[in-house]
Amino acid sequence: MGRYVARRLLQMVPVFIGSTLLIFLMVNVMGDPIAGLCGERACDPATAAQLKREFGLDKPLWQQYATYMGNLFTGDFGTAFNGQKVTELMGSAFPVTIRLTVVAILFEILIGVTLGVLTGLRRGRPVDTGVLLGTLVVISVPTFVTGLLLQLLLGIKWQWISPSVRYGSFDELIVPGLVLASVSLAYVTRLTRTSIAENKRSDYVRTAVAKGLPRHRVIVRHLLRNSLIPVVTFIGADIGALMGGAIVTERIFNIHGVGFQLYQGILRQNTQTVVGFVTVLVLVFLVANLLVDLLYAVLDPRIRYA
Amino acid sequence: MRGRAHARWAACVIAAGLLATACGGGQGFGGAGVLTSSWGDPQNPLEPANTNEVQGGKVLDMVFRGLKKYDPRTGKARNMLAERIDTPDSRNFTIKLKGGWTFSNGEKVTARSFVDAWNYGASLKHNQKNAYFFGYIEGYDKVHPDSGPQTAGTLSGLKVTGPRTFTVRLNQKFSSFPDTLGYAAYAPLPRAFYADHAAWVNKPIGNGPYQIASYTKGSAMSLKKWDAYPGPDPARNAGVTLLVYTDNNTAYTDVLAGNLDLVDDVPATQLKNVHTDLNGRYINTPAGILQTLAFPYYDPKWNTPGARMVRTGLSMAINRKQITQTIFRGTRTPATDWTSPVLGAAGGYQAGLCGHACDYDPAEARKLIQEGGGIPGGRLKITYNADTGSHKQWVDAVCNSINNALDNDQACVGNPIGTFADFRNQTTGHKMSGPFRAGWQMDYPLIQNFLQPLYYTGASSNDGLWSNKQFDRLVDRANAETDRAAAVRLFQQAEGVVRDNMAAIPLWYQNGSAGYSARLSHVALNPFSVPVYNEIKVG
Numbered sequence: 186m187g188r189y190v191a192r193r194l195l196q197m198v199p200v201f202i203g204s205t206l207l208i209f210l211m212v213n214v215m216g217d218p219i220a221g222l223c224g225e226r227a228c229d230p231a232t233a234a235q236l237k238r239e240f241g242l243d244k245p246l247w248q249q250y251a252t253y254m255g256n257l258f259t260g261d262f263g264t265a266f267n268g269q270k271v272t273e274l275m276g277s278a279f280p281v282t283i284r285l286t287v288v289a290i291l292f293e294i295l296i297g298v299t300l301g302v303l304t305g306l307r308r309g310r311p312v313d314t315g316v317l318l319g320t321l322v323v324i325s326v327p328t329f330v331t332g333l334l335l336q337l338l339l340g341i342k343w344q345w346i347s348p349s350v351r352y353g354s355f356d357e358l359i360v361p362g363l364v365l366a367s368v369s370l371a372y373v374t375r376l377t378r379t380s381i382a383e384n385k386r387s388d389y390v391r392t393a394v395a396k397g398l399p400r401h402r403v404i405v406r407h408l409l410r411n412s413l414i415p416v417v418t419f420i421g422a423d424i425g426a427l428m429g430g431a432i433v434t435e436r437i438f439n440i441h442g443v444g445f446q447l448y449q450g451i452l453r454q455n456t457q458t459v460v461g462f463v464t465v466l467v468l469v470f471l472v473a474n475l476l477v478d479l480l481y482a483v484l485d486p487r488i489r490y491a
Numbered sequence: 004m005r006g007r008a009h010a011r012w013a014a015c016v017i018a019a020g021l022l023a024t025a026c027g028g029g030q031g032f033g034g035a036g037v038l039t040s041s042w043g044d045p046q047n048p049l050e051p052a053n054t055n056e057v058q059g060g061k062v063l064d065m066v067f068r069g070l071k072k073y074d075p076r077t078g079k080a081r082n083m084l085a086e087r088i089d090t091p092d093s094r095n096f097t098i099k100l101k102g103g104w105t106f107s108n109g110e111k112v113t114a115r116s117f118v119d120a121w122n123y124g125a126s127l128k129h130n131q132k133n134a135y136f137f138g139y140i141e142g143y144d145k146v147h148p149d150s151g152p153q154t155a156g157t158l159s160g161l162k163v164t165g166p167r168t169f170t171v172r173l174n175q176k177f178s179s180f181p182d183t184l185g186y187a188a189y190a191p192l193p194r195a196f197y198a199d200h201a202a203w204v205n206k207p208i209g210n211g212p213y214q215i216a217s218y219t220k221g222s223a224m225s226l227k228k229w230d231a232y233p234g235p236d237p238a239r240n241a242g243v244t245l246l247v248y249t250d251n252n253t254a255y256t257d258v259l260a261g262n263l264d265l266v267d268d269v270p271a272t273q274l275k276n277v278h279t280d281l282n283g284r285y286i287n288t289p290a291g292i293l294q295t296l297a298f299p300y301y302d303p304k305w306n307t308p309g310a311r312m313v314r315t316g317l318s319m320a321i322n323r324k325q326i327t328q329t330i331f332r333g334t335r336t337p338a339t340d341w342t343s344p345v346l347g348a349a350g351g352y353q354a355g356l357c358g359h360a361c362d363y364d365p366a367e368a369r370k371l372i373q374e375g376g377g378i379p380g381g382r383l384k385i386t387y388n389a390d391t392g393s394h395k396q397w398v399d400a401v402c403n404s405i406n407n408a409l410d411n412d413q414a415c416v417g418n419p420i421g422t423f424a425d426f427r428n429q430t431t432g433h434k435m436s437g438p439f440r441a442g443w444q445m446d447y448p449l450i451q452n453f454l455q456p457l458y459y460t461g462a463s464s465n466d467g468l469w470s471n472k473q474f475d476r477l478v479d480r481a482n483a484e485t486d487r488a489a490a491v492r493l494f495q496q497a498e499g500v501v502r503d504n505m506a507a508i509p510l511w512y513q514n515g516s517a518g519y520s521a522r523l524s525h526v527a528l529n530p531f532s533v534p535v536y537n538e539i540k541v542g
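Order-wise, the sequence lines are chains A and B. Count along the first sequence from 1, then add 185; that gives the number in my numbering. Count along the second sequence from 1, then add 3; that gives the number in my numbering.
One chain only, chain B, in its complex shape (with noise of 0.2 Å):
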């Protein structure tokens, strides 16, 4: 009996360090010329048409090639596949392929490749997340009505001419059509897409310099160099492993130790240290993102003209530069209007059209406020979602601003909400109160994609449901004008006009940081925080 227990504990042991030996080890991911990145588990399945987020963004940014690529420096639109895109009135499109595409399964990219991908984006009965993106080509409330069956298959507005030839129809004019084309959701799909779409998103194959060799869902993803990739761009490394990380904070301490090569997001609170910490080894650029407080205009109280005086007067009450100098470590701007630095001068960014309304001076901050009414409802209250980001100390510190400037320590308090989910649904359910946090990601470097959806009536992002004629003149104007420099000033009206009535609050512009190992050169990010991968070169 005795003997008996003793064995079965021995037999334990053993099997126990039997496992550990045979479990252990293993192969690392890297290897020679691969550089590992940490990674994000995607919140939607991997089709260009259904991924809204950086993170499924990051592999469709290397999988795929549109008929336009955004410049990884300046962001400006250039031709990657069109060899041509042609419009006699800004409505009617003619777009031409370049010869010598395939996908990386042999197929050559058609004109077909990319009408039969966007029909397929569009239609309703998919639930893709971006087929609003289609909303401007003709046929698009048939093939995708608010509500009740859809009574079309493909878009009427887009037809294929040639085989490298195709023709869009838009339902309105959009001189910048074009530019928008480099968004991931119009990427052109292999016919393995349709005919066995499971094992395609089990391992997408697409017409970028790399293809996915292997795939493990929630885990990692392991993409190797394209060598028959035929565009100007092919990778200089062997290929690229994204890890998911549950946290960046051991991403991070992954690269310290050298386990991990980039990390595209280097935590807040890590960034007191970073600078001694990869010596060197961090960046720290421009990116698409602008944080605002955005306000409930369905509410009476903050639609009238006392209020407009209010807002103004809380943009004066809040210390930007301390916040973004204290609290991000200068990985955000002040932000001095309601676009983007990466749009450039020529793409309509305009330092400091927002004017003193965005320079901090709490004593005309208080009379504007006074002057107004007060603030509505007698006190403020932002609401943010606290699961993410540190948006909470973000506004607890602009309450803090606010509560000093006004002299009163009860007049702003943050209201955060426990999910994202939860406080999407309260600002599109349009529960607010008072402002609330409204960060907006460009999806294409163009000043239209900062106004339009955000403060156009109806629009698809315009949760406070502002509106102003004026504004949607100007917009509606910008669209038809031809001239892209004129529709650029177009634009910057219209800007003008959300700046008078001070229709959302610009707080900074947001950067992308990355850090990464003395393994690898040439690491930059581009102008969506995303890294340029093809151009890292490894050792």
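For reference, chain A alone in the conformation it holds in the complex (with noise of 0.2 Å):
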């Protein structure tokens, strides 16, 4: 187990490299990100010379790369061009994503999970064919439609909720969370309904069911624990997948969070901004997908790891 996890750590650092330097290349390809920093006025050649200088834009590409890595290891990630530190943005926005992404992981679990089981059970009957429709419309839907959509009846129409967000507080962000995991909902549901359907059917649940054990038990220890692995895998991809991917959400909902503080990096091509944020979220890619890999053990035994 040490072993494998020492290899997996290992294997990271090329994927690590690799994705950083390609975010890297792409941004820089937009060229030179000075220009947009006065306005629809042109920059006075001193200063913008200077600025380019200041951020070490001057310099050539792989020489950039090489400085941002190097700094890098010192937790340094540079500065955005409104002066403010890049870890200190990202303190600012990662809290509130992540915030936003265990909501979102907690409603995939919870709702997910529980509507796959129900229907894997009953697969056939009209509850499974009334969730199967649902999630159907969930997932043909954008998520922009569902949010905006949401934002009008909940906030509006009914004043339930707050149409935006403003500090950031696990309360606030449930309908958010909820908008941005309902595709993702919508998939875990039936890839638990498959799975559930399909073991109902074999040997060890016929056992379990023979032995006399009690029918809640069968479920979740027996059957459930052994139709988690797929949508385990499937959830903890999601995670990076949520966190990056929150951009449409966090526009809504007005969420100061990680997608923001991209799209406006992406917006100002500030170098230092977006490198940083998708620096980090690779990271959280790499690590919960060996997170996810480890869970396998967990769940099934048979799976080991030399």
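What the simulated footprint calls covered on chain A by chain B, stretch by stretch (three residues with Cβ under 8 Å from a Cβ of chain B suffice, anywhere in the stretch; the number is not a length): (1) 232-244; (2) 436-443.
Simulated restraints on C-beta separations: (3) Asn108(B) - Gln196(A): 48 to 58 Å; (4) Gln196(A) - Pro303(B): 55 to 65 Å; (5) Val326(A) - Thr329(B): 20 to 30 Å; (6) Gly103(B) - Lys244(A): 48 to 58 Å; (7) Gly421(B) - Val326(A): 19 to 29 Å; (8) Ile324(A) - Ser217(B): 37 to 47 Å; (9) Gly421(B) - Leu318(A): 35 to 45 Å; (10) Lys244(A) - His200(B): 22 to 32 Å.
Honestly, the hints are just simulated from the structure, not real lab data. Idealized CB from N, CA, C, for every residue including glycine.
Both chains come to you apart, so use the hints to assemble them.
Have a look at this one:
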């Protein structure tokens, strides 16, 4: 197990370097970021040259990347154009997005798995058909439509919630979290349903039933545990996707999180912000994937890592 | 084992519940007499000479008062801290300050507060993006050379002659110089600015009707009324809380839901419903913003006598009235000159100066373009940035209008560029092959500001590299003219040169629009489309 983890951690290094390099190249292909800083008027050449020097933009790209990676190991993510440290921006953005992601994941687990179990056990019944239809609708409607609709109905028409998020606390994030989770939630439901339906007919379930175990124990300990593997894979991969893909939801509900910062960083072509945030997101992805792989062994003891 | 698993779950649920209640609730931002207003994250650090966009400018407008202030209704520059600004020759100015002004930390505003601030702003080593505002002052080329190191620390044209007087010597005649002094870049700065710069930027201290109570970068700034403000325009509310919004639409939604008092930019998509939604609490007033189509004169194809006729023809092929009505729902007005109505007739605005060339006349358009040798390159590509504003919508509409007029649906296409930065990159790099979007928001309400930076040879925003000796001569003469009315007349003559050559196609004047809650009254936008915060009454 220990060796497995070590090997996986080592594998992360090239992935990490490769992905940051790619982002670095992509942002730089967009051209000189200083041009956009002075509004509709061109920056005077002396100031522009000096700003470039200060941000290290006058050096060749490989050198910029090398300096950037070097600084990274000392915890220096550079400075955004408004004079704020990127680490400061991260400090304010990540907690909110993490809370939003936690809410979304909780919804996925609670609602998604429950519905999946329910429909998986009652395949072909009206409940099953109803939920299947529902998930189909959720998957086919884009997130921004769901978000704007809920905002309009709950926020303005019925005034149940505030249409925008101000402090980013958990209770404010319930509706945005639900919106963010909606599509994944539908997938989790469908994945769980299929998996449960498949395993229901397997030998170990029949054995468990034959032993006379109580029904809920058969379902939770035997059936669900074995059926969760694909679901866990999906949710694990989804953590990173939710954090990075929250741009739409964060914009609609005025959440000052990672999505918002990334969006603004791209608009202002702020290399330091974009690369910094993406770097952290890459790490989140990698760690989440590692955790998923480790969880397999917990769920299914037959899976062992040498 | 089973019991423990259950306990863990329970603990998680309880923890989540506790967090929710602990973090939730909180006090509102509004409160008695305090209004909340939508805001965008300023792009640059909040220093007067470093702020060149509306969001940061909004704050400076509340926190600072300069020598002059532009009347929120007429746009006319009036003395604020200046008691007198005298000049014998439009080149040497003696500025005398009023007494009794202090910064909100108690420090007196003196001549030095201005001179030091201007020297700071002009100096190359401070990277101030508005440094060019000091370019008229003598010694600027030493403090801020175009290339190479600076050879002086201070502007030789600035001299403190007394506690409340200083003199300014310009490097050329510029009669309307005093009228430019209302711009935020010329604001005075307290000693605290230099003593602890980092702390000051985190919480700026100024001499305006408001002082900053707290500032959380990227999310909110709370300003409260400064009770000891000595000026004639104190705040009529207890304070303003600026809240950063990720999207205008959300801010607008929040006004509808009663969570926000003021949104100062109603998104185009909401304009359809704004009258019923807000029931009269919607304002739509002219601002000093003009949209034009500029041309790449560095491309020889566009710099021929024939191309001049083509440009005039293109201008006639654009149905401005229809586009402003259908896309912008009346928040833009078809342009008939190259300035803005906010200047007023006395300031140089001249309705109809463009004449027939700005009228929609497809037949004449077709004729002119044919006579001029057709569209250079065979096809018109209008370049714009697709990231902000609703540029795509109107560029497509303009192209549609041109295509209809020419009866050729391939004649004009939009050429979107992903980000504003990249768009600016290509315009300043002179890489345009056809017309491109050129929005202009005035720095100060002067006709000079609508012409010189855009059309003077080598000027800072002359991205198309248009050059005309007659125009340059007229501008030089206007700047040297001491009589204001005569100067305006000369600028208008220069504008006539722009018209005769159709140097840029004027499209429309832009309005500022705002919506507000029933708690507020006396809401107005100034000619810069910024709310006049100090006059707003709450409750």
